[in-house]
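Assemble chain B onto chain A, guided by the hints.
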Amino acid sequence: MDALCIAGFLGSGKTTILLEAARALTDGGARVAVIENEIGEVGVDGGYVREQGLPVRELFGGCICCTLQVGLVETLRSVRDSYGPDWVVIEPTGLAAPGDILGLVADTIEGLDLVRVLTVVDAERWSMLLEVVEPLITSQLESADVVAVNKADAVDDQQLAAVLAAVRRLSGDALVLPVSAATGAGMPALLRAMS
Amino acid sequence: MSGAGHEHRHGDDRHRHEHLSHVPDAASPAVYAARAGLLFDPPARGDDVEQALRRFLAALSSALSAAGCTLVGHIKGGVNGAGGGLAFHLTRLDAAPAIAGGHAGPVSDAELTLNVIVFGVDEARLPALVQHAWAEGAGVAASWPD
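Respectively, the protein sequence lines represent chains A and B. Note that the numbering used here has the first sequence beginning at 356, numbered continuously upward. Note that the numbering used here has the second sequence beginning at 925, numbered continuously upward.
Bound conformation, chain A alone (with noise of 0.2 Å):
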């Protein structure tokens, strides 16, 4: 079983990404689950995710990089032995730092070939991201493998070139690529990348 743990902040996209992801993992003949994590005490895109015929498990009322560690791991078990997936796509909350996922996982769950980090990036929202949560944005760049600045339809060229090299100064060796996943640009790109 191969995990990708599709991280990035409130808003970024991630949902819309997965689905994208699980389709490609799908089409090309994977079997995928999904693990959905909201801080809330009510979930929404669990149920959306599991409208477009994706089994999914979903983890409320905190976050599985810190507080729900337990519930990751124990789901993550079930889930293989249960299900027995090829892949498992997890989409942790908004606030979560992905490294911490990383580490948890590798340690804990047996029969775990492969973890893959995917950070979403706003291109939109960049700069005020910055500002008020530039601790936690950073710490889900530094644990990427990939990165997608998505909404690059939403900035001009020039706003998108300026994220693109702030968020490639911030992510280490990830390969980063600029994405729409509301028009589609970038995104084959980006799951062959992922693949």
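Keep in mind the hints are simulated off the structure, nothing from the lab. Only a predicted model underlies this, so the values are computations on that prediction, with no experimental measurement involved. We put the beta carbon where it would ideally sit given N, CA and C, even for glycine.
Not everything, but these chain B residues come out facing chain A in the computed CB check (under 8 Å):
{"no.": "1", "residue": "A957"}
{"no.": "2", "residue": "T994"}
{"no.": "3", "residue": "K1000"}
{"no.": "4", "residue": "T1015"}
Covered stretches of chain B, as calculated for chain A (at least 3 residues, CB under 8 Å):
{"no.": "5", "region": "1001-1014"}
{"no.": "6", "region": "1037-1043"}
Okay, now just chain B, sitting in the frame of chain A:
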């Protein structure tokens, strides 16, 4: 695993977000999530349900702005009834919400699902801000959780 959903909650492990050590104190998020029963009397057309939702989101945006909101994590949810559903999503107070879906036929009752995460607002004020915005904006009877 079946396609049906599975909610996983923990007793001792169900913590509040105040304990998220990686989120800086200065940017502590305020969270409010709830389901509310909605009663449309007389039954509303699908378009009217959507307009009520838009008025609510506009009222909530104004209230959050006045309350000192510095950043919207997200305001998202749905209005679901027997004849369909609306999904909504908002990440900026100065922009129109994204709303998808619709209701076929008259709507007499529905459920509002709401998940709000914002910064710069006292969390203790959020339930009242949301519920007042619904009452003033949507003008539709709602039963909120205690």
